[in-house]
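*Asks:* Assemble chains Z and D onto chain U, guided by the hints.
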Amino acid sequence: MKLSHFLLSIIFCSQINNLYSQDTYIRPGLSIINIDFNDSKSNLNIQSVESPKNFDFLNINVSNLSVETSSPKKKLLSEIAKSENPLAGLKGESKSSIAERNNKILETFISNKVSNKAVLAAVPIGEDGNYNFQFVLDRGVNTASDQDVNLTSQDMMGDKGSLQDRFLYLTEKAINSNYVIAFNMPNFLSYSDETSYGLEGVIHYFVFKIDNVYDADSGGLIYAESEINNSQIGAKVITSKSFTSTSTNSKDQSLNKKLGILPKSNEELASELQNLLMQKIWEYNLREVDEFKPKTTLKPKNKINLGTKEDLKIDNRFQLYENVLSKSGEIVKKKRAMLRVKKVGVNDGLASGDSDLTKLYKIGYGKSQEGMLVVQEEDKGIGVSVGYGTLSWLRLDYRLKGITPGLMTFIDVHPYPGKVEFTDYFYENGLLGSVASAGSSAGWDISDDFSAFGFNLSLGFEKQTYFSSALYISPFVSGGISNYSISGQIASRTVIFDEKIEWSDEESDIYNAYFVTGGLRVGLQLTNTASINLSIAQSAVVSGGWKDAKIVYSIDDEVIADGWNIGDPTGEGFSEESDQEYIDAFYNTSIDQLPTAPAGLLYNIMLRYEF
Amino acid sequence: MKTKLILLSFLMCGLLFFQSCSSSKPATSYNYELSCNGVGVEGVYLVKCYSYGSTFEKARQNVKKDAVHGVLFKGVSANSIKKCKAQSKICNVTYAENKEWFDNFFSSGQYLQYVTLSNDGNVSSSDRIKIKGGYKVGFTVSVKSDELRKRMEKEGFAKKMNVFDN
Amino acid sequence: MRLTTFLIFSLFFNGIVFGQNMKPSIQIIPADIYMNDNQWLNADGSPDYIKAFSKDNNLRLAIAQLEEMMIKRDFPLKGLEEQLKKIQDERIINETFESKDGDMIEMSIIDELFAMTAPDIKMELSFNLIGGGLKKQLQYQLKAIDTYSAKTISSTSGTGPGSSSSDIATLIMIAVKDNMDNFCTQLTDHFHNQMSVGREIKINLKVSSSDIYLDDYYSCDSLKMDDEELSTIIDTWLFQNAKGGMYSISNSSSKQMKIDAIRVPVVDENNKAVTAEVFTKGLKKILRKYIKDEDGEKVIIYSEIINRGVGEAWLILKEQ
Numbered sequence: 001m002k003l004s005h006f007l008l009s010i011i012f013c014s015q016i017n018n019l020y021s022q023d024t025y026i027r028p029g030l031s032i033i034n035i036d037f038n039d040s041k042s043n044l045n046i047q048s049v050e051s052p053k054n055f056d057f058l059n060i061n062v063s064n065l066s067v068e069t070s071s072p073k074k075k076l077l078s079e080i081a082k083s084e085n086p087l088a089g090l091k092g093e094s095k096s097s098i099a100e101r102n103n104k105i106l107e108t109f110i111s112n113k114v115s116n117k118a119v120l121a122a123v124p125i126g127e128d129g130n131y132n133f134q135f136v137l138d139r140g141v142n143t144a145s146d147q148d149v150n151l152t153s154q155d156m157m158g159d160k161g162s163l164q165d166r167f168l169y170l171t172e173k174a175i176n177s178n179y180v181i182a183f184n185m186p187n188f189l190s191y192s193d194e195t196s197y198g199l200e201g202v203i204h205y206f207v208f209k210i211d212n213v214y215d216a217d218s219g220g221l222i223y224a225e226s227e228i229n230n231s232q233i234g235a236k237v238i239t240s241k242s243f244t245s246t247s248t249n250s251k252d253q254s255l256n257k258k259l260g261i262l263p264k265s266n267e268e269l270a271s272e273l274q275n276l277l278m279q280k281i282w283e284y285n286l287r288e289v290d291e292f293k294p295k296t297t298l299k300p301k302n303k304i305n306l307g308t309k310e311d312l313k314i315d316n317r318f319q320l321y322e323n324v325l326s327k328s329g330e331i332v333k334k335k336r337a338m339l340r341v342k343k344v345g346v347n348d349g350l351a352s353g354d355s356d357l358t359k360l361y362k363i364g365y366g367k368s369q370e371g372m373l374v375v376q377e378e379d380k381g382i383g384v385s386v387g388y389g390t391l392s393w394l395r396l397d398y399r400l401k402g403i404t405p406g407l408m409t410f411i412d413v414h415p416y417p418g419k420v421e422f423t424d425y426f427y428e429n430g431l432l433g434s435v436a437s438a439g440s441s442a443g444w445d446i447s448d449d450f451s452a453f454g455f456n457l458s459l460g461f462e463k464q465t466y467f468s469s470a471l472y473i474s475p476f477v478s479g480g481i482s483n484y485s486i487s488g489q490i491a492s493r494t495v496i497f498d499e500k501i502e503w504s505d506e507e508s509d510i511y512n513a514y515f516v517t518g519g520l521r522v523g524l525q526l527t528n529t530a531s532i533n534l535s536i537a538q539s540a541v542v543s544g545g546w547k548d549a550k551i552v553y554s555i556d557d558e559v560i561a562d563g564w565n566i567g568d569p570t571g572e573g574f575s576e577e578s579d580q581e582y583i584d585a586f587y588n589t590s591i592d593q594l595p596t597a598p599a600g601l602l603y604n605i606m607l608r609y610e611f
Numbered sequence: 001m002k003t004k005l006i007l008l009s010f011l012m013c014g015l016l017f018f019q020s021c022s023s024s025k026p027a028t029s030y031n032y033e034l035s036c037n038g039v040g041v042e043g044v045y046l047v048k049c050y051s052y053g054s055t056f057e058k059a060r061q062n063v064k065k066d067a068v069h070g071v072l073f074k075g076v077s078a079n080s081i082k083k084c085k086a087q088s089k090i091c092n093v094t095y096a097e098n099k100e101w102f103d104n105f106f107s108s109g110q111y112l113q114y115v116t117l118s119n120d121g122n123v124s125s126s127d128r129i130k131i132k133g134g135y136k137v138g139f140t141v142s143v144k145s146d147e148l149r150k151r152m153e154k155e156g157f158a159k160k161m162n163v164f165d166n
Numbered sequence: 001m002r003l004t005t006f007l008i009f010s011l012f013f014n015g016i017v018f019g020q021n022m023k024p025s026i027q028i029i030p031a032d033i034y035m036n037d038n039q040w041l042n043a044d045g046s047p048d049y050i051k052a053f054s055k056d057n058n059l060r061l062a063i064a065q066l067e068e069m070m071i072k073r074d075f076p077l078k079g080l081e082e083q084l085k086k087i088q089d090e091r092i093i094n095e096t097f098e099s100k101d102g103d104m105i106e107m108s109i110i111d112e113l114f115a116m117t118a119p120d121i122k123m124e125l126s127f128n129l130i131g132g133g134l135k136k137q138l139q140y141q142l143k144a145i146d147t148y149s150a151k152t153i154s155s156t157s158g159t160g161p162g163s164s165s166s167d168i169a170t171l172i173m174i175a176v177k178d179n180m181d182n183f184c185t186q187l188t189d190h191f192h193n194q195m196s197v198g199r200e201i202k203i204n205l206k207v208s209s210s211d212i213y214l215d216d217y218y219s220c221d222s223l224k225m226d227d228e229e230l231s232t233i234i235d236t237w238l239f240q241n242a243k244g245g246m247y248s249i250s251n252s253s254s255k256q257m258k259i260d261a262i263r264v265p266v267v268d269e270n271n272k273a274v275t276a277e278v279f280t281k282g283l284k285k286i287l288r289k290y291i292k293d294e295d296g297e298k299v300i301i302y303s304e305i306i307n308r309g310v311g312e313a314w315l316i317l318k319e320q
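Residue numbers (this note's numbering), protein chains in the order written: chain U, 1 to 611; chain Z, 1 to 166; chain D, 1 to 320.
Okay, chain U solo, but in the shape it has when bound (with noise of 0.2 Å):
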């Protein structure tokens, strides 16, 4: 026993410089430059941009980065429409196209110099030609957690010295923390679809990491000075993509204009659109880049010290890591548990050592203990349930972080799958039954080949609370609509004209109503991020209900006639019947499985998946 330990201690001390700072969260020293390709300037005003909270913000002195290579290609929905091949455009560029342009981007970047800049940014030259270290001191006192305020209180330089001292090992972190983003965002285009109109835009953007230019144990800062102007620095990309977006103004304004809100202006939707692309950028970086994912180390009841200095959100998504000697000796990190902001804990300022803490929930399965290290790993917030059920078959939910715990927006959806079955009733029945029968001996075709199609659609909101790590409840409330409907041809005859007896396009409707539904999910977790529910509803039909359909004659595609099918055919024409009881029962003697209308108590069973 006591050997083993012994040998392990031995390993372990060999380990313990590379372990030494990794759960300190070193805020990122972040610059923003634009960049312009051969065929795209970029348009963006970087004034204008506001670096997320748990960034540093270097201010770089650099103009437009001027990058010989074509802009990567990230089509527009409205250049999708207008070009000649839309699927091409949805096609996503090659991985080599990629690299190679990065690449071409990287030696520009290089060679102008802009890593140099970036370094300047953090650490500037003085007046009197030496480095004015003031600015990055800062840093490295500003990006001390609790847990290093608590851990230096004892060391006399900590008791003694100023607090740049105290945190020197810490500044000595944040200098190579050194990070530059560019921008290439082109102008935005005019965009507008069957509801709305607006702008849409684009935007493509490079994170590159600057090579790190201090080294602690020997000297400092590699480059003195009079070399930091002239010296090649180097830097790497480390991931690039493009997003798109719109910014619309709805073409319907009835309702805003009974509000007394006006649509926005095109500097208002330009703005807008802007912003909505930024935020785009800063989720994803989150997401996917290393180093600037906010984390430290898990306290009891599982609480921790970051807080709106890192601009966390309620629902920010944390996983949980425990280090774990391997059998070969080496120590790796083994994901234990997910977490999930409850409460943000407000942590602005300098840390005193006891600041406000983050408290969060655990969802799943795993050991959560404190003494474990947690990373903010987010993910998009989007869950996607199928289930079996008179309430929907297929749910799409997404995740409103930074209101309250649980809060999400759905939609819900039934379809209700197959081909319908009339009975002959329908048939011989109604204003088809009068052109069934009338029409066959009068040469016409008769088709039955028409079908109805129905869906419920609703959009509701529910909030998940969980009672322990793995069962949770959630109340939810929506609205919707459903809907029934029938399309086809019935009969045509093309003796002399081309006389065609269809059903409408526009008053197809067999069903169609408005309802609102409120209930309880119970959910199970399977795993983290996958779980199984049941939900319970109570719906209840607002507006509308059974409806008539109409039936339309036409020679050579213009409307000759029409007429509804269960109206009373006396008097002018075919009305329509609105009698809801009485096309209840036509119906209800027509279709052979009539699908439930969603209207008393509902229920499903669904399996939920989150990311």
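Keep in mind the hints are simulated off the structure, nothing from the lab. Think of the CB as a built atom: it goes at the ideal place given N, C-alpha and C, for glycine as much as any other residue. There may be inaccurate statements among the hints.
To be verified - Which residues of chain U face chain Z? A few of them, derived with a C-beta cut under 7 Å, are:
| no. | residue |
| --- | --- |
| 1 | Val-324 |
| 2 | Met-372 |
| 3 | Leu-373 |
As the list claims (entries may be wrong) - Label pairs and their computed distance ranges (CB to CB):
| no. | chain 1 | residue 1 | chain 2 | residue 2 | range |
| --- | --- | --- | --- | --- | --- |
| 4 | U | Asn-229 | D | Gly-132 | 12 to 20 Å |
| 5 | Z | Thr-116 | U | Val-332 | 44 to 52 Å |
| 6 | Z | Val-93 | U | Lys-333 | 38 to 46 Å |
| 7 | D | Gly-132 | U | Asn-230 | 13 to 21 Å |
| 8 | Z | Lys-150 | D | Tyr-213 | 31 to 39 Å |
*Replies:* Coordinates of chains Z and D only, in the frame set by chain U:
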């Protein structure tokens, strides 16, 4: 009677066997690592102590004891990253020579007045390692070295530093 | 019965007989290398401590820091700055000692200082700031030297943690604190060792008179020696008076005798520190009072003791 004796001897063997298998760490164990973690304030050694335990909590409980034990009998090793020097052990006697006194010192909790866990007893995640059979955890501990030394000098376990009567 | 027990006890435990706490007195001085590097030198190249103290703030801070820490640990300390001032005020800078025959022997100011304060241990401090830019570190060396034997008791050097503001005061505090316990332990060990084994001193015996030769034959009553060479008589006296009879004679001729590593007790019966000068007085007395020549006639051999610091004395045998 014979069977009773046989049964009794089996029972004794069993008890002895189980006792030797006991996994609780005796207080005299040297199973920990102690190194300096900076130059402590006046009167204090600021050390990093890595202790073992079958659970995380047990390891944390062992740390204070181990730190005091180390400062007394093992000494504190240097740390080149933190730029602090090794400190020699305080006692010039061994634990075994004064087993009874030291057993009492540790078991009665007297040692607790000379040691505190820095950082509210929170551990940094890189210092928490799951190993076979338990955990190895490193805590930063401040040991009141001056007071501990005075106590040891009073008990005669350490040579007085500034008094020269033999 | 009780008396015998007490006597037996006292035989074994010298400390009880003396019964006093004797702490080694310490003098802290900047090392020569520091004085050289920082150019605090006189015209002749010797260190100028007065100038250093008046102009070098860092040095004053460092020495003050070290002195404070030693005092906190109850070591009797002679403050350097105040002692130097004393010397300066008493105008004994660069005074040379003249022997009665005109031999000039110069003593440096430090030797003068030590002659005045007679510390048991001198601590030499040197330090400098290394590194530029963001982080400056203090590189230091601290040596404790037994003033009697000039042997190093304890030596430590290191580079402390970094500071962005070259806050020398804090850096020195840290460097001193880090090494203090080890240093004090080693000093204590050394002094305990000295109490049992004795302190080391040196005597340099010279004959300046033309009549006396160390290989001449003399007798000494008190030592019960008859017709022996003077050097042998001196040798015997040393053997009887050195602690444990420990000493070593190097370089012996008819006109000179160098005796090193003489072990002497730390204090005498009156609790007075036994310096080389004090010890040599015994020999001086023997030479003056108890020597008879070959013919049996009493001979007075005059000698002069020149103090060369606490651990070294010159004994000059002169004309009668």
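*Asks:* Is it true that Val-93(Z) and Lys-333(U) lie within 38 to 46 Å of each other by Cβ?
*Replies:* Cβ of Val-93(Z) to Cβ of Lys-333(U): about 44 Å, so the range 38 to 46 Å holds.
*Asks:* Grab the minimum C-beta distance from Leu-373(U) to chain Z and call the hint holds if it beats 7 Å, violated otherwise.
*Replies:* 4 Å, holds
*Asks:* Hint check: is the beta carbon of Met-372(U) less than 7 Å from a beta carbon of chain Z?
*Replies:* The hint holds - Met-372(U) has a Cβ within 7 Å of chain Z, the shortest such distance being about 6 Å.
*Asks:* Between Asn-229(U) and Gly-132(D), does the C-beta distance stay in 12 to 20 Å?
*Replies:* About 19 Å separates the Cβ atoms of Asn-229(U) and Gly-132(D), which means 12 to 20 Å holds.
*Asks:* If you check the beta carbons of Lys-150(Z) and Tyr-213(D), does the distance land in 31 to 39 Å?
*Replies:* 59 Å, violated
*Asks:* Given a hinted range of 13 to 21 Å, is it respected by the beta-carbon distance of Gly-132(D) and Asn-230(U)?
*Replies:* Given a distance of about 20 Å, which is inside 13 to 21 Å, the answer is holds.
*Asks:* Should the hint that Val-324(U) touches chain Z count as held when the rule is a Cβ pair under 7 Å?
*Replies:* 5 Å, holds
*Asks:* So does Thr-116(Z) sit 44 to 52 Å from Val-332(U), Cβ to Cβ?
*Replies:* Cβ of Thr-116(Z) to Cβ of Val-332(U): about 32 Å, so the range 44 to 52 Å is violated.
Hints 5 and 8 from the earlier list are contradicted by this structure; the remaining hints agree with it.
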